[in-house]
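Please build the complete structure, drawing on both the sequences and the hints.
Residue-level listing of the chains:
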Amino acid sequence: MIELHNISKIYNKSKSNQVNALKEVNLTIESNSMLAIMGPSGSGKSTLLNILGCLDVPTKGTYKLHNQELQALNQKKLARVRNQHFGFVVQDFALIEEYKVMKNVEIPILYSGDKTNKKERVLEMLDMLGIKDKATEYAYNLSGGQRQRVAIARALINNPDVILADEPTGALDQKTGQQVLDIFKRIHQEQNKTILMVTHDERIAKQCEGIVNIEDGEIY
Amino acid sequence: MITQLKYALEDLWAKKLYFLLFLIQITIITLLVTQCFSLIYQKEQAFNNIDDTFEASDVYYLSLAEQAKYIDSNNEEEEQIMEDLYTYATNSKGYTIFSTINDYIEIKEIPQNDLSVEVEYGPTKVQAYQTLAISPAFIDVFRLSLAKGKFFAPNWEYTSQESIPVILGSSYQTFMEMDQKFTDSNNVTYKVAGFLQEGQNYVDISFGEGVVTLDDKILIPIDVTTFEGIYDTGNVDFQTYLENATILTTNNHGIGELSNITKKSQLYNYTFHSVAGVARYMESSTKDAVGVFLYISIWVIIFAFSLVIINTLEFVNKNLREFSIHIFCGATRKDIALRLFLQIFIVWLLASIISLLVSDRIIIVLLVSLVLLCLCLSTCIPSFIKLFHLQISDMIRRKE
Numbered sequence: 001m002i003e004l005h006n007i008s009k010i011y012n013k014s015k016s017n018q019v020n021a022l023k024e025v026n027l028t029i030e031s032n033s034m035l036a037i038m039g040p041s042g043s044g045k046s047t048l049l050n051i052l053g054c055l056d057v058p059t060k061g062t063y064k065l066h067n068q069e070l071q072a073l074n075q076k077k078l079a080r081v082r083n084q085h086f087g088f089v090v091q092d093f094a095l096i097e098e099y100k101v102m103k104n105v106e107i108p109i110l111y112s113g114d115k116t117n118k119k120e121r122v123l124e125m126l127d128m129l130g131i132k133d134k135a136t137e138y139a140y141n142l143s144g145g146q147r148q149r150v151a152i153a154r155a156l157i158n159n160p161d162v163i164l165a166d167e168p169t170g171a172l173d174q175k176t177g178q179q180v181l182d183i184f185k186r187i188h189q190e191q192n193k194t195i196l197m198v199t200h201d202e203r204i205a206k207q208c209e210g211i212v213n214i215e216d217g218e219i220y
Numbered sequence: 001m002i003t004q005l006k007y008a009l010e011d012l013w014a015k016k017l018y019f020l021l022f023l024i025q026i027t028i029i030t031l032l033v034t035q036c037f038s039l040i041y042q043k044e045q046a047f048n049n050i051d052d053t054f055e056a057s058d059v060y061y062l063s064l065a066e067q068a069k070y071i072d073s074n075n076e077e078e079e080q081i082m083e084d085l086y087t088y089a090t091n092s093k094g095y096t097i098f099s100t101i102n103d104y105i106e107i108k109e110i111p112q113n114d115l116s117v118e119v120e121y122g123p124t125k126v127q128a129y130q131t132l133a134i135s136p137a138f139i140d141v142f143r144l145s146l147a148k149g150k151f152f153a154p155n156w157e158y159t160s161q162e163s164i165p166v167i168l169g170s171s172y173q174t175f176m177e178m179d180q181k182f183t184d185s186n187n188v189t190y191k192v193a194g195f196l197q198e199g200q201n202y203v204d205i206s207f208g209e210g211v212v213t214l215d216d217k218i219l220i221p222i223d224v225t226t227f228e229g230i231y232d233t234g235n236v237d238f239q240t241y242l243e244n245a246t247i248l249t250t251n252n253h254g255i256g257e258l259s260n261i262t263k264k265s266q267l268y269n270y271t272f273h274s275v276a277g278v279a280r281y282m283e284s285s286t287k288d289a290v291g292v293f294l295y296i297s298i299w300v301i302i303f304a305f306s307l308v309i310i311n312t313l314e315f316v317n318k319n320l321r322e323f324s325i326h327i328f329c330g331a332t333r334k335d336i337a338l339r340l341f342l343q344i345f346i347v348w349l350l351a352s353i354i355s356l357l358v359s360d361r362i363i364i365v366l367l368v369s370l371v372l373l374c375l376c377l378s379t380c381i382p383s384f385i386k387l388f389h390l391q392i393s394d395m396i397r398r399k400e
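Just so you know, the sequences run in chain order A and B. Heads up, the first sequence is in full-length UniProt numbering, so the first residue is 1 and it goes up one at a time. Heads up, the second sequence is in full-length UniProt numbering, so the first residue is 1 and it goes up one at a time.
Keep in mind that the hints are not guaranteed to be accurate.
[To be verified] Think about it this way: if two alpha-carbon atoms lie no more than 20 Å apart in a straight line, the pair counts; the simulated EDC-like pairs of lysine to aspartate or glutamate are: (1) K318(B) with E97(A); (2) K386(B) with D56(A); (3) K185(A) with E215(A).
What the hints contain is simulated information worked out from the structure, not anything from laboratory work.
What follows is the structure, given as structure tokens:
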């Protein structure tokens with residue numbers, strides 16, 4: 001379970017260009033839920049996702065993951081939490097173009113404590129996502145849909161509890177976007193993963209179990 | 001550490017072309033800067049050479065002017081005066097005398113090289129090699145050192161049946177060998193007796209040319225006792241020897257004793273000219289040359305270091321997105337900083353090894369390499385700061 005209590009995030013604090021990206025946000029996300037986070041541009045969606053994924057720390061407030069407070073952890077421990085508990089999927093896939101598919105997917109394994117059966121685990125994951133035959137291809141040779149599947153494989157490879165997706169279908173056509181969304185739904189249903197998805201697309205949001213609306217850094 | 005080293009090595013391999021260019025640049029810069037410092041060092045050494053040579057000495061050269069009223073005097077008597085002068089100056093502890101005669105020889109059947117110079121003999125032009133005929137004291141005065149072989153014996157005498165031993169400047173080492181014989185256009189045979197170490201110099205006093213490198217010279221011994229094949233063979237008469245001689249007086253020993261010997265001459269007026277002024281001029285001109293060279297070198301170094309800074313910054317910026325993806329997947333910023341350090345360190349290490357293999361100035365290469373490493377790493381600092389402060393999500397969104 002994820003719990004946010006009075007989380008605020010201020011950029012450029014005490015400067016003329018100070019931005020209050022999040023204002024006293026309170027949010028509880030039950031395990032095994034699938035939620036969409038919606039809001040206009042600049043409303044604080046991505047900031048919320050960054051704090052949830054330990055890519056950023058709140059200016060104030062309390063963040064608990066499975067009852068453990070995370071805001072006081074040092075960078076090394078936060079990196080470990082990121083590696084073990086979260087998988088990230090973003091709009092432009094964030095793949096390393098010069099790496100082959102297998103090498104892209106194995107990155108989180110190399111930063112985890114358990115590096116056993118690395119190759120088998122990667123191939124199994126690619127098989128589950130229907131792109132096993134692309135294992136030895138370079139990322140730049142793949143289509144948008146295939147790239148997003150590679151990104152999902154990388155997000156799932158360490159068997160995290162939570163998948164954080166920042167507009168995962170934003171760079172795909174409608175059909176491919178739906179296929180990617182179906183993958184998320186399947187993962188959620190079959191593997192009981194918590195999925196939090198930032199999106200602008202109401203059609204996608206409606207397929208989630210709930211919607212978190214955010215505007216001007218506040219949830220309503 | 002191991003994971004980051006593995007990634008650093010994989011990165012180097014994956015982007016081998018980029019790193020190869022970076023490596024070549026760092027190597028060239030290392031060698032270029034090394035060469036700059038090395039040349040400054042050589043000039044400084046040459047300057048010290050002048051300083052040391054003239055420190056305890058008053059230096060003279062000799063001119064002979066004919067006395068018109070005694071034009072019919074006995075030549076044998078004159079020859080004896082010159083021999084006495086030569087013998088006294090050579091044997092007396094109060095004096096050091098040596099002679100240097102610049103010339104050119106055409107060498108037959110020598111491999112192609114860039115040491116020959118074009119010399120005009122009347123209407124024809126030939127490719128010839130610079131020789132410097134020297135008497136034995138020259139070697140001691142300028143503290144010449146050999147890379148190979150041995151100097152000719154001080155009592156060497158020319159015989160037409162034997163080859164003339166020569167010491168070659170270091171530049172000849174690439175295409176000549178020890179004991180190799182060669183002949184010139186007058187069919188005089190020479191034999192390589194040794195090679196000078198690189199960077200050997202002497203001070204040209206007679207013509208006031210200052211410090212002259214011996215790297216491209218052929219040193220031939222002078223013999224004043226044999227008068228066969230005169231001038232073509234290293235043999236010279238006493239007059240030629242004395243007219244090209246430099247006389248150093250030690251421990252403030254005056255030139256009086258030598259003047260007394262020459263007073264008997266009825267054919268020539270012997271004048272001993274002090275070169276104190278010339279020496280001072282040469283010192284100051286060498287000092288100026290070092291200054292000019294230092295100025296040029298500073299610009300070369302600024303240019304080279306700017307290249308390193310630009311390259312390192314480009315390298316870090318080019319990889320920021322990739323580093324962000326790793327952070328995203330569980331790496332810490334410290335991991336990334338370590339990986340970046342290792343990549344630059346490996347390139348630097350390879351460049352240093354290559355530079356050490358190419359250059360023979362080991363100490364200078366090591367010092368220059370260390371400065372370059374510090375420079376590369378300090379260049380990374382702004383990028384590290386950027387990496388430590390940027391929003392990872394922003395970097396990942398930023399398409400290149």
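These are the hints, each one checked on the structure:
no.	hint	verdict
1	K318(B) with E97(A)	holds (13 Å)
2	K386(B) with D56(A)	holds (15 Å)
3	K185(A) with E215(A)	violated (26 Å)
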